[in-house]
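**Student:** Read off the chains here:
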Amino acid sequence: MTRQQSQKVATVLVTAVAIIVILPIFLVLVYIFAQGWSALSWEFFTQPPRNGMTEGGLLPAILGTLFLTLGTAVASIPLGIGAAIYLAEYAPNNRLTRLIRLAIVNLAGIPSIVYGLFGLGAFVLFLNFGTSILAGSLTLGLMTLPVIISTAEEAILSVPSEFRIVSLSLGATRWQTIRNQVLPHALPGILTGIILGLSRAAGETAPILFTVAAFYLPELPKSIFDQTMALPYHLYVISTQVPGMPLQIQYGTALVLLLIVLTLTLVATVVRTIMRRRRQW
Amino acid sequence: MTTSKAENGRNLKEAIIEGLIWFSGISAILIIALIFIFLLKEGAPAFVNVPISSLLGRRWYPIEDLFGLLPLLIGSLLVTVGAVVIAVPLGLITAVYLGEFAPTWQRELLKPLIEVLAGIPSIVLGFLGWVVLAPLVQNMGASTGLTAFTGALILAYMSLPTIISITEDALYAVPNEYRDGALAIGATQWQTIWRVVLPAARSGIVIAVMLGIGRAIGETMAVMMVTGNAANIPSWRTGLFFQPVRTMTATIAAEMGEVAQGSVHYSVLFGIGIVLFLITFAINSLATRFVSGGDGRATRRRAQL
Numbered sequence: 259m260t261r262q263q264s265q266k267v268a269t270v271l272v273t274a275v276a277i278i279v280i281l282p283i284f285l286v287l288v289y290i291f292a293q294g295w296s297a298l299s300w301e302f303f304t305q306p307p308r309n310g311m312t313e314g315g316l317l318p319a320i321l322g323t324l325f326l327t328l329g330t331a332v333a334s335i336p337l338g339i340g341a342a343i344y345l346a347e348y349a350p351n352n353r354l355t356r357l358i359r360l361a362i363v364n365l366a367g368i369p370s371i372v373y374g375l376f377g378l379g380a381f382v383l384f385l386n387f388g389t390s391i392l393a394g395s396l397t398l399g400l401m402t403l404p405v406i407i408s409t410a411e412e413a414i415l416s417v418p419s420e421f422r423i424v425s426l427s428l429g430a431t432r433w434q435t436i437r438n439q440v441l442p443h444a445l446p447g448i449l450t451g452i453i454l455g456l457s458r459a460a461g462e463t464a465p466i467l468f469t470v471a472a473f474y475l476p477e478l479p480k481s482i483f484d485q486t487m488a489l490p491y492h493l494y495v496i497s498t499q500v501p502g503m504p505l506q507i508q509y510g511t512a513l514v515l516l517l518i519v520l521t522l523t524l525v526a527t528v529v530r531t532i533m534r535r536r537r538q539w
Numbered sequence: 254m255t256t257s258k259a260e261n262g263r264n265l266k267e268a269i270i271e272g273l274i275w276f277s278g279i280s281a282i283l284i285i286a287l288i289f290i291f292l293l294k295e296g297a298p299a300f301v302n303v304p305i306s307s308l309l310g311r312r313w314y315p316i317e318d319l320f321g322l323l324p325l326l327i328g329s330l331l332v333t334v335g336a337v338v339i340a341v342p343l344g345l346i347t348a349v350y351l352g353e354f355a356p357t358w359q360r361e362l363l364k365p366l367i368e369v370l371a372g373i374p375s376i377v378l379g380f381l382g383w384v385v386l387a388p389l390v391q392n393m394g395a396s397t398g399l400t401a402f403t404g405a406l407i408l409a410y411m412s413l414p415t416i417i418s419i420t421e422d423a424l425y426a427v428p429n430e431y432r433d434g435a436l437a438i439g440a441t442q443w444q445t446i447w448r449v450v451l452p453a454a455r456s457g458i459v460i461a462v463m464l465g466i467g468r469a470i471g472e473t474m475a476v477m478m479v480t481g482n483a484a485n486i487p488s489w490r491t492g493l494f495f496q497p498v499r500t501m502t503a504t505i506a507a508e509m510g511e512v513a514q515g516s517v518h519y520s521v522l523f524g525i526g527i528v529l530f531l532i533t534f535a536i537n538s539l540a541t542r543f544v545s546g547g548d549g550r551a552t553r554r555r556a557q558l
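So the protein lines, in turn, are chains A and B.
Taking our numbering, the leading residue of the first sequence gets 259, the next gets one more, and so forth.
Taking our numbering, the leading residue of the second sequence gets 254, the next gets one more, and so forth.
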């Protein structure tokens with residue numbers, strides 16, 4: 259085989275593999291839409307499940323996922339942005355900083371089920387929050403932290419250093435510079451990271467298994483110390499734990515979960531695109 | 254020089270804020286330490302109360318106090334190895350396509366699509382594996398569709414975004430002069446990629462593979478749904494990958510809900526958590542070592558996946 263032939267063969271093969279990898283992503287999305295579409299109705303979004311969950315809607319699970327996502331936001335955003343500011347603006351290049359980075363990479367790598375174990379041991383039992391929205395949100399919040407820290411740090415670092423130099427030279431303090439010059443310009447990037455992180459949290463099942471998720475609970479939670487249903491766990495329950503479950507409801511539930519997560523991802527992508535277009539430096 | 258009251262107040266306020274920022278910064282270290290401490294607190298009794306010989310046994314049968322971890326370790330190993338064997342070549346080649354062959358418009362379209370794949374909840378992929386993929390695998394001739402192979406397929410798919418993005422970053426970091434130089438002395442594009450670009454991106458590719466492994470070994474829900482969850486050691490004769498297995502992660506997820514808090518079974522499940530923590534910690538710390546000069550961009554990229 260000549261070099262030119264091998265170039266041709268390689269091009270064809272590489273392209274073919276790329277198609278093999280990317281095509282299924284389309285297929286998965288299209289298939290779930292096609293199968294789940296017919297289950298969607300007003301009732302599906304506004305009613306609790308009835309009759310052994312084989313009828314009715316998803317209201318408690320949708321709201322539960324919403325509450326958990328909000329709780330995750332509260333638990334992770336302040337700490338995440340604080341850590342990002344520290345790493346981008348304050349951290350000296352020393353041992354401690356390298357240790358922090360190592361910790362963040364490892365936090366990102368810990369399996370979600372291990373976060374679930376930690377949530378059970380620390381929040382549910384040790385702090386005595388019980389299986390509750392509070393315990394679940396904190397668990398999901400810790401899991402989301404690495405995503406928020408790393409995207410926010412990147413956003414802060416992308417603000418040109420001239421902005422800081424000018425601000426400091428005008429007599430502003432370090433914090434005033436960060437607060438008034440750096441953060442406003444980094445905000446869109448930080449938001450993108452937050453939304454991406456939250457979309458992951460919304461779809462997670464393993465961390466909420468022992469910390470908050472209820473098998474079947476038609477009433478809505480009244481406080482952060484209550485259990486709640488959640489969409490990902492609900493999908494697990496109705497597809498594997500409940501015999502005789504209509505397939506249509508299963509696909510419908512998968513579709514609703516996918517829609518929530520993809521909408522968040524889409525919002526994040528749009529924010530990022532607008533930000534790149536608007537950027538003046 | 255005298256400072257005014259207002260300035261003093263501002264200094265104090267800023268000192269507090271900067272203190273809080275510093276605390277947020279080191280919180281990552283505290284959190285990972287706390288996670289390990291709590292796993293140890295709940296899981297350590299397992300290694301005291303259950304003899305090591307029993308933990309290394311071949312039978313996982315908690316009702317009879319048989320806590321042999323071997324089937325679970327082998328289950329995790331099979332599924333992960335299967336996933337890596339499928340995902341690494343596919344992921345590397347796709348990254349080469351995106352980084353070296355694809356025109357810009359395709360890249361702009363496909364990269365967000367791969368992010369979408371990374372964003373699909375594992376439970377949704379597990380669900381599809383359960384209702385669509387498992388019956389297909391069964392039709393291939395296995396006695397059941399819920400096998401290590403089915404799990405490996407789903408896991409491969411789930412670890413692709415990690416492998417693709419990190420490899421692509423590594424390819425992107427190879428200076429264009431390398432490519433120009435190779436092309437200028439008459440190499441074809443493929444020869445340039447194969448002999449020059451890929452070797453130059455080697456360390457990044459190693460990281461991509463390691464993190465893909467880390468992702469695969471920690472996956473829980475999808476694997477639990479499609480591997481059949483039988484805690485036995487598959488034999489060579491009947492096709493190693495075409496039997497039900499049970500992973501460490503799935504064991505925790507499936508059994509923790511039913512055990513009494515503080516029981517031996519409970520602490521053994523936390524013990525499995527310790528094993529998982531240590532494995533992923535080793536993989537991620539080792540991968541960090543491969544980044545020359547340490548931290549920076551590559552580290553952040555990884556934390557986002």
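Source of the hints: derived by calculation from the structure; they are not laboratory data.
Careful, some of the hints might be misleading.
Said to hold, decoys possible - Label pairs and their calculated CB-CB ranges:
id, chain 1, residue 1, chain 2, residue 2, range
1, A, T312, B, S396, 37 to 45 Å
2, B, S488, A, F384, 15 to 23 Å
3, A, F473, B, L309, 29 to 37 Å
4, A, T269, B, L362, 42 to 50 Å
5, B, A297, A, T304, 47 to 55 Å
6, A, T260, B, A507, 54 to 62 Å
7, B, N392, A, V500, 46 to 54 Å
Claimed, not checked - Covered by chain B, according to a simulated footprint, are these stretches of chain A (three or more residues, beta-carbon under 8 Å):
id, region
8, 306–314
9, 388–400
10, 451–465
Here the structure is a predicted model, which is why all the values come from computation and not from measurement.
Glycine residues also receive a C-beta, built at the ideal position from the N, C-alpha and C atoms.
**Student:** So the hint says 29 to 37 Å: do the beta-carbon atoms of F473/A and L309/B match that?
**Tutor:** Between F473/A and L309/B, where Cβ atoms are some 35 Å apart, the hint holds.
**Student:** Starting from the range 54 to 62 Å, see whether the pair T260/A and A507/B falls in it by beta-carbon distance.
**Tutor:** 56 Å, holds
**Student:** Report holds or violated for chain B covering the region 451–465 of chain A, Cβ cut-off 8 Å, minimum 3 residues.
**Tutor:** Held - the region 451–465 of chain A has 9 residues with a Cβ nearer than 8 Å to chain B, which meets the minimum of three.
**Student:** Given the range 46 to 54 Å, decide if the beta-carbon distance of N392/B to V500/A lies inside it.
**Tutor:** Check failed, 25 Å falls outside 46 to 54 Å.
**Student:** Do the beta carbons of T269/A and L362/B sit within 42 to 50 Å of each other?
**Tutor:** For L362/B against T269/A, whose Cβ atoms are near 19 Å apart, the range 42 to 50 Å is violated.
**Student:** Just to make sure I understand the rule, a stretch counts as covered if three or more of its residues have a C-beta closer than 8 Å to a C-beta of the chain. Does the region 388–400 of chain A meet that for chain B?
**Tutor:** violated (count 1)
**Student:** At a Cβ distance under 8 Å, does chain B reach at least three residues of the region 306–314 of chain A?
**Tutor:** Coverage by chain B is violated here, the residue count being 0 at a Cβ distance below 8 Å.
**Student:** Taking the CB of T312/A and the CB of S396/B, does the distance hold inside 37 to 45 Å?
**Tutor:** 30 Å, violated
**Student:** Are S488/B and F384/A spaced within 15 to 23 Å by their CB atoms?
**Tutor:** 43 Å, violated
**Student:** Taking the Cβ atom of A297/B and the Cβ atom of T304/A, is their distance within the range 47 to 55 Å?
**Tutor:** Given about 48 Å between the Cβ atoms, the range holds.
Of the numbered hints listed earlier, those contradicted by the structure are 1, 2, 4, 7, 8 and 9.
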